[in-house]
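Colleague: Protein chains in written order, with my numbering: chain A, 10 to 108; chain B, 10 to 108; chain C, 10 to 108; chain D, 10 to 108; chain E, 10 to 108.
By construction, these hints were calculated from the structure, which means they are not laboratory data. This structure is a prediction, so every number in the text was calculated from the model and none was measured. Each hint should be verified, as a subset may be incorrect.
Where chains are identical, the list cannot tell them apart; a pair therefore holds if satisfied intra-copy or between any two copies.
[As the list claims (entries may be wrong)] For lysine-lysine, the following BS3-like pairs were computed, each having C-alpha atoms within a straight-line distance of at most 27 angstroms:
| hint | residue 1 | residue 2 |
| --- | --- | --- |
| 1 | Lys24 | Lys99 |
| 2 | Lys44 | Lys104 |
| 3 | Lys27 | Lys14 |
| 4 | Lys99 | Lys44 |
| 5 | Lys76 | Lys14 |
| 6 | Lys44 | Lys32 |
| 7 | Lys14 | Lys99 |
| 8 | Lys76 | Lys99 |
| 9 | Lys104 | Lys27 |
| 10 | Lys99 | Lys32 |
| 11 | Lys44 | Lys14 |
| 12 | Lys104 | Lys24 |
| 13 | Lys44 | Lys24 |
| 14 | Lys76 | Lys44 |
| 15 | Lys14 | Lys32 |
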Amino acid sequence: MIIGKVIGSVVSTQKDDKMRDMKLLIVQRHDHNNKPVEEIAVCVDAVGAGLHEMVLYCTGSSARQTKLTEGKPCDAVIMAILNSWDIAGKEIFQKERDA
Amino acid sequence: MIIGKVIGSVVSTQKDDKMRDMKLLIVQRHDHNNKPVEEIAVCVDAVGAGLHEMVLYCTGSSARQTKLTEGKPCDAVIMAILNSWDIAGKEIFQKERDA
Amino acid sequence: MIIGKVIGSVVSTQKDDKMRDMKLLIVQRHDHNNKPVEEIAVCVDAVGAGLHEMVLYCTGSSARQTKLTEGKPCDAVIMAILNSWDIAGKEIFQKERDA
Amino acid sequence: MIIGKVIGSVVSTQKDDKMRDMKLLIVQRHDHNNKPVEEIAVCVDAVGAGLHEMVLYCTGSSARQTKLTEGKPCDAVIMAILNSWDIAGKEIFQKERDA
Amino acid sequence: MIIGKVIGSVVSTQKDDKMRDMKLLIVQRHDHNNKPVEEIAVCVDAVGAGLHEMVLYCTGSSARQTKLTEGKPCDAVIMAILNSWDIAGKEIFQKERDA
Chain A
10 MIIGKVIGSV VSTQKDDKMR DMKLLIVQRH DHNNKPVEEI AVCVDAVGAG LHEMVLYCTG
70 SSARQTKLTE GKPCDAVIMA ILNSWDIAGK EIFQKERDA
Chain B
10 MIIGKVIGSV VSTQKDDKMR DMKLLIVQRH DHNNKPVEEI AVCVDAVGAG LHEMVLYCTG
70 SSARQTKLTE GKPCDAVIMA ILNSWDIAGK EIFQKERDA
Chain C
10 MIIGKVIGSV VSTQKDDKMR DMKLLIVQRH DHNNKPVEEI AVCVDAVGAG LHEMVLYCTG
70 SSARQTKLTE GKPCDAVIMA ILNSWDIAGK EIFQKERDA
Chain D
10 MIIGKVIGSV VSTQKDDKMR DMKLLIVQRH DHNNKPVEEI AVCVDAVGAG LHEMVLYCTG
70 SSARQTKLTE GKPCDAVIMA ILNSWDIAGK EIFQKERDA
Chain E
10 MIIGKVIGSV VSTQKDDKMR DMKLLIVQRH DHNNKPVEEI AVCVDAVGAG LHEMVLYCTG
70 SSARQTKLTE GKPCDAVIMA ILNSWDIAGK EIFQKERDA
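Sequences and hints are given; from them, build the entire structure.
Modeller: Below is the structure:
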């Protein structure tokens, strides 16, 4: 899974039938030091993430393993909202502190 | 999913039987600021996209989850035409304005 | 799918049983302007492609969706020979002209 | 599979139901000479790995082939803890020596 | 599939049950001119490859299509040992000559 930040959203009225009513968010990848990386993914949101939240997203066929995305033409899904992470015992990100 | 622009199309009369009658479009990846990226994909079109339209495409096994591509040797499919997207509340792309 | 040119072939007498009698071609990726890219793939040939022909190849699990490659340890398959492609209305490659 | 070092962990209370009780570790890729590479993955831990341990992780649909991850939206799993590896007969990493 | 050279091996006594007794080799990618590329993969060996042999390996879900790797958390498998390959009619690698 990949750490990312929700930075935007996409609107599409003309899409594959199976994608009707799917919220599509733009997520920017972050590295383990919480610096943004030049890589984005448009993800289906399976957990109710909001703008600027730090999340985990999952790609490939595994992105179809949530109830929401099963059998859908979806290759990236947000499957967790992050509270915190630490590297070698040091807290790099903490939601209440850093939001 | 990946944001891209339809920039061309491909003609092939000698192809795998399952790919008969598939429209194959060349899509150039764009970043979230709508700048073209040096990466293209040849995609099956599942939504009737036209030249120069901004689209979303889906890759890997998820590209076989549309009615059109089920069971086919296809690893990239256009599954949405974009109306607009915004980053941090600012509208970056808007179809009527930017087309 | 990816645009590429058949540049060579591979010989292997000691391989997984399921790969017996599979023709294995070396394909170099080309960009949409028909310039070679520093990336090659060894592909099973499902359409009878010849040396120097421009082709499309498909990767991942989708490479197992041809009759020839079903259930095989194959992650790249040539599934189309290209006649031509154009970018923004301009013909970049045309088989008879450019071969 | 990819060689990596467990460098941290992630906390998430709001995640997809199928991911409840999954330990999520941050793994940094290492090359064959045991130098860290600028690439991390957040992995489910299927083998009880600890901080600073050298591990193998597996990605894509294969990451769902452990008992723990079957049917889950998980695209990376730690499936082995490394004792040692050698390159051309020279032992590059040995757990007791290098830990 | 990818051309590579077996450069080493990995030892792990603590791994996922399904990976018991799997020989794990370190393979370095080579380009079509037989120059090593800065990319390695740890692969299950399905064909009895030895140190320094040139091989083909297969990745992703296709790496689970050999008898040995079926249903296993394995995303890379050696599925052929190379005798030779040629580019545009010129023999680049020939096992007896170059080994």
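Colleague: Honestly, which of those hints from before does the structure not fit?
Modeller: Hints 8, 14 not satisfied by this model.
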